[in-house]
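Chemist: Here is how the chains run, residue by residue.
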Amino acid sequence: MTDDRFFRRSGPFSLAEIAIHVGGELCAEAPSAFLVHGIAPLDSAETGEISVFSDSKWSAHFAISRASVIVTNSRLGDCEHNGSWLLLVKDPSLAFAQIGHLFYPPPCDNTGIHPRADIADTASIGEGSQIGPGATIGPDARLGRRCHVEANGVIGEGVVIGDDCRIGAGTTISHALIGARVRIGANNSIGGEGFGFVAGPKGLMRVAQLGRVIIENDVRIGGNCAIDRGAVCDTVIGMGTVIDNLVQIAHNVHIGRHCVIAGQCGIAGSSSLGDHVMVGGQVGINDHVHIGARARIAAKSGVIHDVAEGAIIGGYPAMPIRQWHRQTVAALGKPAPRKRD
Amino acid sequence: MTDDRFFRRSGPFSLAEIAIHVGGELCAEAPSAFLVHGIAPLDSAETGEISVFSDSKWSAHFAISRASVIVTNSRLGDCEHNGSWLLLVKDPSLAFAQIGHLFYPPPCDNTGIHPRADIADTASIGEGSQIGPGATIGPDARLGRRCHVEANGVIGEGVVIGDDCRIGAGTTISHALIGARVRIGANNSIGGEGFGFVAGPKGLMRVAQLGRVIIENDVRIGGNCAIDRGAVCDTVIGMGTVIDNLVQIAHNVHIGRHCVIAGQCGIAGSSSLGDHVMVGGQVGINDHVHIGARARIAAKSGVIHDVAEGAIIGGYPAMPIRQWHRQTVAALGKPAPRKRD
Amino acid sequence: MTDDRFFRRSGPFSLAEIAIHVGGELCAEAPSAFLVHGIAPLDSAETGEISVFSDSKWSAHFAISRASVIVTNSRLGDCEHNGSWLLLVKDPSLAFAQIGHLFYPPPCDNTGIHPRADIADTASIGEGSQIGPGATIGPDARLGRRCHVEANGVIGEGVVIGDDCRIGAGTTISHALIGARVRIGANNSIGGEGFGFVAGPKGLMRVAQLGRVIIENDVRIGGNCAIDRGAVCDTVIGMGTVIDNLVQIAHNVHIGRHCVIAGQCGIAGSSSLGDHVMVGGQVGINDHVHIGARARIAAKSGVIHDVAEGAIIGGYPAMPIRQWHRQTVAALGKPAPRKRD
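Protein chains in written order, with this note's numbering: chain C, 1 to 341; chain W, 1 to 341; chain S, 1 to 341.
Since the hints were made in silico from the structure, they are not lab data.
Take the hints with a grain of salt, since some may be wrong.
As the list makes no split between identical chains, a pair holds if one copy fits it or if it spans any two.
Heads up, simulated DSSO-like pairs for lysine-lysine below, C-alpha to C-alpha not over 30 Å straight-line [as the list claims (entries may be wrong)]:
id	residue 1	residue 2
1	K202	K90
2	K57	K202
3	K90	K57
Given the sequences, and given the hints that come with them, work out the whole structure.
Modeler: This is the structure:
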């Protein structure tokens with residue numbers, strides 16, 4: 001069960017309500033009026049709780065789980081289990097995520113502006129928003145409705161933020177236009193000067209960085225990331241893209257829609273990613289490189305050339321994943337896998 | 001000599017006091033009442049200062065050092081030197097660290113709550129604590145005695161922190177239970193949402209992150225790290241573990257006791273480390289991997305499989321360190337080292 | 001054209017003024033009194049704007065650009081173009097950077113101390129400085145003239161900062177002496193405790209970190225970096241060096257003058273870089289390593305040994321760049337490039 005100090009649980013919900021919520025089918029013996037009080041992992045769930053069995057590697061836990069009800073699919077549901085009632089769905093992971101949001105709806109934040117927030121006279125803040133202590137909203141900034149800027153967040157002059165956004169504690173945003181339903185974690189630096197220099201007579205000379213950061217709807221950014229504004233063009237993060245912690249996104253980078261960028265990746269200046277690209281942790285992408293749509297890049301790879309649509313690559317320099325796997329298997333001194341292509 | 005603007009020196013201490021403090025033996029000619037005023041490196045120490053000689057690679061500095069007294073061991077003490085008195089101990093580095101704390105005890109912070117700190121009515125703060133300007137302590141948070149939350153630190157609702165902890169400027173902590181004597185540097189994001197998504201009908205759907213971060217006693221965390229809370233279980237950092245700067249620790253990671261995690265490492269979701277594991281800088285550890293106790297991982301390695309207890313590994317994919325060294329030596333085009341196993 | 005919400009444009013300037021500003025030569029047909037209103041990239045520039053053509057790879061854009069005037073050199077100026085007037089200079093990139101600063105001079109910040117800043121009684125702040133809301137200036141800190149500490153910046157006790165510096169939002173600085181014209185981005189942690197431990201009887205024992213961070217004139221640091229103070233010596237960043245985002249610089253590191261350190265690099269304790277060293281993104285440099293002046297290190301390399309002056313290296317372990325290219329080309333399964341040395 002979750003810790004009540006940190007999470008406000010909703011419910012209880014009857015089995016029938018939950019089944020309708022996820023579009024699933026309860027096993028015949030499940031009493032549809034039974035009340036479920038919370039969610040828990042298979043191995044620690046107790047009576048009154050609901051859990052999920054989404055992968056056969058957890059079958060040992062499934063076999064002895066004390067959860068009252070377990071979300072799974074018809075194939076996995078045939079595995080041996082401990083008398084829990086089954087709720088059959090097509091995609092157990094998706095259904096369990098939906099049940100998570102049912103039990104833990106977004107907290108009703110204390111709307112209003114904290115007396116120790118600093119709001120410029122010319123800033124506008126939509127109704128239902130919450131501005132935390134120490135937060136700063138610059139001149140002419142415009143925030144949508146139901147936004148939450150946490151403690152010590154810094155929203156710079158002219159920044160526009162859509163409805164239902166959350167800006168984490170200590171995050172600073174400047175020179176940026178941000179869509180709706182964007183969630184940004186803590187201590188990010190968004191809109192900073194790009195790393196642009198030319199050789200001048202007295203050493204390096206800074207190039208004025210005159211672009212913006214554009215973050216589209218439904219983007220999610222973790223914590224401690226640095227996203228620089230464009231040099232003359234804009235830096236763009238496409239709709240629905242999710243970015244983990246400690247990621248570096250340089251000036252002029254264009255990231256497509258629904259991409260997944262794992263922790264500690266770095267994308268150098270002016271590179272672009274198509275839609276639905278997946279990038280593993282600690283990957284580095286060179287400057288001025290294009291990654292085609294739906295490409296997938298293994299963790300810790302270094303990408304120095306353009307990548308074709310749908311390609312799956314790994315290594316440094318990045319190569320087709322099978323080629324890389326053969327090399328790494330050879331390096332480990334194990335027999336090479338049989339070639340299937 | 002240290003810069004008095006930044007460090008408050010205690011002392012002076014007599015040679016006899018220092019020898020007792022570290023359990024060492026002074027050379028016969030050293031006057032036990034001689035007063036030592038400070039510590040310094042071998043090559044810049046002056047009369048009245050104490051230095052350390054812990055490795056024969058510094059023997060040239062030892063030979064000409066002007067330090068009044070030098071901490072070393074009996075073997076190294078036989079090297080040529082410049083008439084400094086010797087203080088012989090078993091472990092010179094440990095003894096010098098102890099002498100450092102003797103001369104530089106923890107500063108007596110100005111206890112009390114700054115008028116511009118923001119403390120929730122329902123928060124409790126132990127006696128002798130210091131809360132800096134702009135710091136925020138959320139509802140129902142509980143801080144122990146003699147804690148210091150530096151400027152603009154953000155302690156979220158319900159967070160528990162033990163005695164004698166230090167939380168650096170700009171660090172934000174939520175959904176966390178923290179032990180005693182924990183030192184956390186600046187601009188960390190602790191307790192943020194893990195990077196958990198499922199494919200939904202309209203793109204990626206966030207999975208509610210309902211676990212906590214548990215940080216045990218005597219943990220030390222540097223600056224600008226991101227440590228996410230668990231998804232349903234907890235993220236755990238074991239007793240006495242030390243973590244450098246810019247480290248990423250994903251949801252559900254369990255780190256054992258007395259581990260050493262160097263800068264810019266990334267540990268992906270649900271992986272676990274046994275006790276006394278040492279991880280070099282910029283290492284990446286895959287998700288759902290287990291690293292056995294006392295394993296050591298070379299810098300910049302990529303760990304994709306479980307690692308046995310006590311194993312020493314390197315490379316990407318990580319392999320036994322000798323095998324990796326043979327490969328890297330071959331890559332450098334030098335003759336392979338003789339096999340000794 | 002740049003977004004007026006974020007950038008305050010100066011001008012317009014006549015072609016003659018601009019030509020004098022960069023020491024260039026206008027083509028004969030250009031009317032020297034023509035007024036230029038702003039700068040833009042080749043492919044989006046309009047009438048009244050100036051653009052740059054600095055590399056033949058953009059010749060297709062040059063050929064159809066609608067910019068009124070384009071900065072280029074005499075060789076590139078011979079390429080086909082769309083009737084734009086040409087302004088010929090020796091180094092188009094440098095000239096365009098100079099024109100950028102002409103149109104976008106440093107903003108006239110609102111000087112003065114925000115009522116919600118926290119300035120210690122014993123701190124001194126030079127005239128013309130701006131201290132943002134929530135910023136904290138500690139006891140005995142000394143700031144030069146025309147400095148800007150942005151919102152929630154934290155300047156610790158005794159820190160000295162020269163004239164014309166800018167400290168980004170949420171950046172914390174302690175135990176540091178900083179020169180003039182230093183620009184530091186947001187959410188950096190500068191002067192934190194180095195990662196120094198010795199094995200003690202009850203686990204790891206922290207070594208007191210008693211040095212400082214010295215940042216010389218004209219240094220530029222991005223966002224979310226961690227720069228630790230020295231252990232007994234100092235950590236030093238030499239004059240004119242530029243550092244990107246998310247960089248880790250450990251205790252006792254000495255970086256020379258005019259170095260370029262790209263994003264996500266990590267430099268371990270006590271290593272040193274000569275002048276004019278260039279380090280690519282995500283590079284790791286071992287502790288106690290010396291990198292000779294003018295050396296260049298390819299992105300993602302791991303440097304474990306000393307590097308000679310002027311060497312160009314890559315890979316992990318880093319090797320001469322040609323040797324590394326041969327290996328990577330071989331790994332990719334393409335024919336090796338002809339040996340030219």
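Chemist: Now tell me, hint by hint, if it's right for this structure.
Modeler: These are the hints, each one checked on the structure:
Taking CA atoms no more than 30 Å apart as the test, K202 paired with K90 passes between copies only; the shortest distance there is 16 Å, against 65 Å inside one copy. Proximity of K57 and K202 under a CA criterion of 30 Å is satisfied inter-copy only: 28 Å between copies versus 62 Å inside one chain copy. Taking identical chains as interchangeable, the C-alpha atoms of K90 and K57 lie at most 30 Å apart only when both belong to the same chain, with a minimum of 18 Å there against 51 Å between chains.
In the structure shown, no violation is registered for any of the earlier numbered hints.
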